[in-house]
Amino acid sequence: MVVDPVPLQLAGELFPNGISRYAVGGLLVGLGAVVIYVGTGIAAGASTFLESTLSYVSDQSRFQQYVASRDWRVVFTLGIILGGLAFAATVQSGVVTTSLYEPGTTGELYEVGGLTLWSTSVQPWRLFVGGVLVGIGTRIGKGCTSGHGVCGVGSASKTSLVGVATFLTVAVVTAQIVAALGVSP
Amino acid sequence: MSQNRHPLFMPLILLGGLIFGFGLGFSQMARPEVVLNFLQFEDFGLLFVMFGAAIVSGIAFAVMPRISDAAPLTGDRYERRLKPFDRNVLIGGGIFGVGWGLSGICPGAAYASLGVGNVTILWALAGMFVGAYLQGYWRSQSADAGAAVTRAD
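Here the protein sequences come in this chain order: A and B.
Heads up, the first sequence is in the UniProt record's numbering, so the first residue is 1 and it goes up one at a time.
Heads up, the second sequence is in the UniProt record's numbering, so the first residue is 1 and it goes up one at a time.
Any given hint could be a false lead.
Quick look at which bits of chain B chain A covers, simulated, 3 or more residues with Cβ under 8 Å [unchecked claim]:
{"hint": "1", "stretch": "40-53"}
{"hint": "2", "stretch": "64-74"}
{"hint": "3", "stretch": "84-90"}
{"hint": "4", "stretch": "114-124"}
These are computed hints drawn from the structure, not numbers from a lab.
For every residue, glycine included, the Cβ atom is placed at its ideal position computed from N, Cα and C.
My request is simple: use the sequences and hints to build the entire structure.
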């Protein structure tokens, strides 16, 4: 069988880890949002949890608008954490194997009680400073990659499309500058 | 909908979160390195996560209002709750973009990252709460100051 090498080479360069893990993961992320939407009519975003949870401990007026939704947002976030753990306990630990999953070589794997866990090599200061900016930005900008990116784009919201275009562009420029400055990992 | 919630409301939210988080783990978006590789144009696979998820949710958002009036567990209507556009979307999106580009982490992926064992991500989660509190404190003060000025008139 003759395989045209050009598209394969291009795919190898653009998608060095294949596309199946991304596509399957994306479909599941969408499915999670759909399960909640079909049952409740709620288009769930992940960043509101930050503010709604602060309403338990702060009486700043800004946070009080989220008191009605704060308990289910805690459950949603707990679900996301447990979902990550379920992934770690099955596919990441090798208990479930599938040809759709490409493990990758980033960060560090470690074992705890038969579980294969994973930890990042990205420096703590980047995570913390980036986290502060993410916390400020997603709340002022009315959403994050799930609220704007999944639910907003999915409902063809112009606000969300502009939001995604803005943070995606700025993030690309930032990451390129950080890499050019030699910051790694 | 806060007092008389359907008994399946919370279990369903939990199930949705579980699938959502499992997907973030499977897609590797819970790994900051993979996001940074995408933003540095070294691996475009992450586009399949974002658009794959948006297409799936988009189908549900388009179809559900046509086949049913209201969601079974809340009685809420299936409708688009669109966020109003103002300059905050650009300012906040820009700040979020710098943070995402620096750290490779966004809120949902950070929660899932904790689940896959990434304890170092607690730095990012701590940062996010600090950032959310700072903007909330600032906006509460400016809102209260605005109200006080109005009252003083």
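- Message: Going through the numbered hints above, which ones does this structure break? Give me the numbers in ascending order.
- Response: The structure conflicts with no hint, since it agrees with every one listed earlier.
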